[in-house]
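Here the protein sequences line up with chains A and B, keeping their order.
Residue numbers for the first sequence follow the working numbering, beginning at 1 and rising by one.
Residue numbers for the second sequence follow the working numbering, beginning at 385 and rising by one.
Any given hint might turn out to be false.
Said to hold, decoys possible - A partial selection of chain B residues facing chain A, derived with a Cβ cut-off under 10 Å: (1) L393; (2) K398; (3) L403; (4) Y473; (5) I476; (6) S498; (7) I500; (8) L517.
Unchecked claim - Computed, partial: chain B to chain A, Cβ under 10 Å: (9) S437; (10) T440; (11) S457; (12) R463; (13) G501.
Keep in mind the hints are simulated off the structure, nothing from the lab.
Glycine included, C-beta positions come from ideal geometry on N, C-alpha and C.
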Amino acid sequence: MGIRRAAAVVGIGQTDWLGDYEKTKKGERPADSYGYGARAFVNALRDAGIDRSEIDGLIVGPTTAYERMGEILGLETRWGGQADAVQAMMQAVMAIETGMAKVVALVYGNNQRSGGTQYGGPDASGAASFLSYVYHAPWGLTSQGALYAMMLRAYMHERGFTERDMGQVAVAQRGWSSMNPDAVMQERVSIDDYLASRYVCEPLHLLDYCLINDGGVALIVAEASIAKRMSSHPVFIEALGRSDLNKGATILEPRLTNFYLPAQQQCAEQVFNAAGIGPQDIDVAQIYDSFSVHVPLALEGYGYCAVGEVAKFMAEQGIGPGGKLPVNTSGGHLSDSYMQGWNHQIESVKQIRGTAGKRQVENCRFVHYSSDVAGKCSSIIYGR
Amino acid sequence: MSTPSQTALPAMPKRVMGLYDKPFWDHIQQRKLSLQCCGKCNTFQYPPGPICSACTSEDLNWVELSGKATIISWVVFQRTYLPAYPAPYNVITVKLDEGPIFVSNLEGPTPEGSWIGARVSLVYAEMAEGQLLPRFKLA
Chain A
1 MGIRRAAAVV GIGQTDWLGD YEKTKKGERP ADSYGYGARA FVNALRDAGI DRSEIDGLIV
61 GPTTAYERMG EILGLETRWG GQADAVQAMM QAVMAIETGM AKVVALVYGN NQRSGGTQYG
121 GPDASGAASF LSYVYHAPWG LTSQGALYAM MLRAYMHERG FTERDMGQVA VAQRGWSSMN
181 PDAVMQERVS IDDYLASRYV CEPLHLLDYC LINDGGVALI VAEASIAKRM SSHPVFIEAL
241 GRSDLNKGAT ILEPRLTNFY LPAQQQCAEQ VFNAAGIGPQ DIDVAQIYDS FSVHVPLALE
301 GYGYCAVGEV AKFMAEQGIG PGGKLPVNTS GGHLSDSYMQ GWNHQIESVK QIRGTAGKRQ
361 VENCRFVHYS SDVAGKCSSI IYGR
Chain B
385 MSTPSQTALP AMPKRVMGLY DKPFWDHIQQ RKLSLQCCGK CNTFQYPPGP ICSACTSEDL
445 NWVELSGKAT IISWVVFQRT YLPAYPAPYN VITVKLDEGP IFVSNLEGPT PEGSWIGARV
505 SLVYAEMAEG QLLPRFKLA
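So that you can see chain A by itself, here it is in the shape it has in the complex (with noise of 0.2 Å):
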């Protein structure tokens, strides 16, 4: 594998979610998705202590164009595109490995909260994507967590999986954020407040959900090389892989018959080879968490448990605070921002680079992170 340890993440920022939460709620609005995509960056350049024009390339998320935000960022670079998170990261590595680029910044901003972004009903985000999204609208079917309501229930249904067992996610992410500064949602709960909570779409709790909160995250990553004269605590892009199921993806087929295991397990051989180390050798977890039902699928599917024990292993082993796998140690999607994945990047290289406070795990050298957003599942491995 070519591009292991090709590039490293040099600089990261963020903007101020907790602080905008307020804010939004009150009904303000501090930015729109360009605005909090430029504050990321600025907080990103700073940690990296470059200038601007040491970048050539950028990738922006999938709610900003690329050549507004260059210019709002006034970057004059060589390449660039939008992506998720996951396919930034990796499409920046491939570019500094095929020399397109050296230094990528990698921005999203996104004011779902205040822009009244819809996530469910008649103009549901990403449909030109996702046909499932809407296709299904005729019956009613059109909210994304129905989409994970109905593969949980399955699930269940086949493992012998519990509301109880499900509810371990959110009360361990709880457990973390509550520890982050930053997060939105600091508050403990108890396996009981989930039980109690109100169902959006049953099976699925409230406390199953991702926030909808605006904000934005940057990240410098640069060649190897440069990124070592740079910084003196690059976080080095160990590994990727990919494996997607587009199959019978509009009526559900491999949510509902294989739960994405399949491509979970090629994605981890591929992934953990490349790297050369396996399951047992990642000190963090960062699982993409629009739902809480994407982590034990992920676990699973990359091996951190074998098939059918992730609900033994999440009450035996932990991933919660003391826990053996600590998972979206920042409190994740449900719990410290819904950046789209984004914000586990930036924890991830938090974790490596131990500035974590009080959530660091200790001597971290690995960190994982998985994202399985409509069956693309996709891995990257951070690493000293």
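Knowing the structure of chain A, use the given hints to seat chain B on it.
Same frame as chain A, now just chain B:
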């Protein structure tokens, strides 16, 4: 399930109506559940498309189905997203006897305990402006 007015039928939520979707809905208006079936490999497919996704053949024919199916998962919405669907309401996924998975609603009595594995059969619900919607009831 309560409705604001007993007389007005709910408006059909916006349908995806691409070139290949129209024959599906035209058949539904004739009270026929038909899907594309490949003339070369005999695979049924849903949603309809330009080629058979199983073998890439363009030899696709609309064939009427039995309307018999088995529930493979279900949810109950406790939040309203669409005027036609005031919460609470159910959505089911069924495996049609001919192969494809189909998303719909279960009308009438619901099973005790788990719904998964329950056998269902096709019914037609009438929506506003005489539009028909394929749903299922326990067989």
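Here is how each hint holds up against the structure:
1. Proximity of B/L393 to chain A is violated relative to the hint, the smallest CB-CB distance being about 14 Å (cut-off 10 Å).
2. Because the smallest distance between the Cβ of B/K398 and any Cβ of chain A comes to about 5 Å, under 10 Å, the interface hint for this residue holds.
3. Hint status for B/L403 relative to chain A: violated, with the closest Cβ pair at about 14 Å, above 10 Å.
4. At its closest, the beta carbon of B/Y473 sits 6 Å from a beta carbon of chain A; the interface hint therefore holds under the 10 Å criterion.
5. Contact between B/I476 and chain A, as hinted, is supported at the beta carbon level, the nearest pair being about 9 Å apart and thus within 10 Å.
6. The interface hint given for B/S498 holds, since its Cβ lies 6 Å from the closest Cβ of chain A, which is under the 10 Å cut-off.
7. Taking 10 Å as the C-beta contact cut-off toward chain A, the hint placing B/I500 at the interface holds, the least distance being around 5 Å.
8. Given the 10 Å rule on beta carbons, the hint for B/L517 holds: about 6 Å separates it from the nearest Cβ of chain A.
9. Below 10 Å, beta-carbon pairs count as interface contacts, and B/S437 has one with chain A at about 7 Å; its hint therefore holds.
10. Checking B/T440 against chain A: minimum C-beta separation of about 13 Å lies over 10 Å; hint violated.
11. For B/S457, the interface hint holds, the least distance from its beta-carbon to any beta-carbon of chain A being 4 Å, beneath 10 Å.
12. Annotation: interface hint on B/R463 holds; nearest CB of chain A at approximately 5 Å, less than 10 Å.
13. Hint status for B/G501 relative to chain A: holds, with the closest Cβ pair at about 9 Å, below 10 Å.
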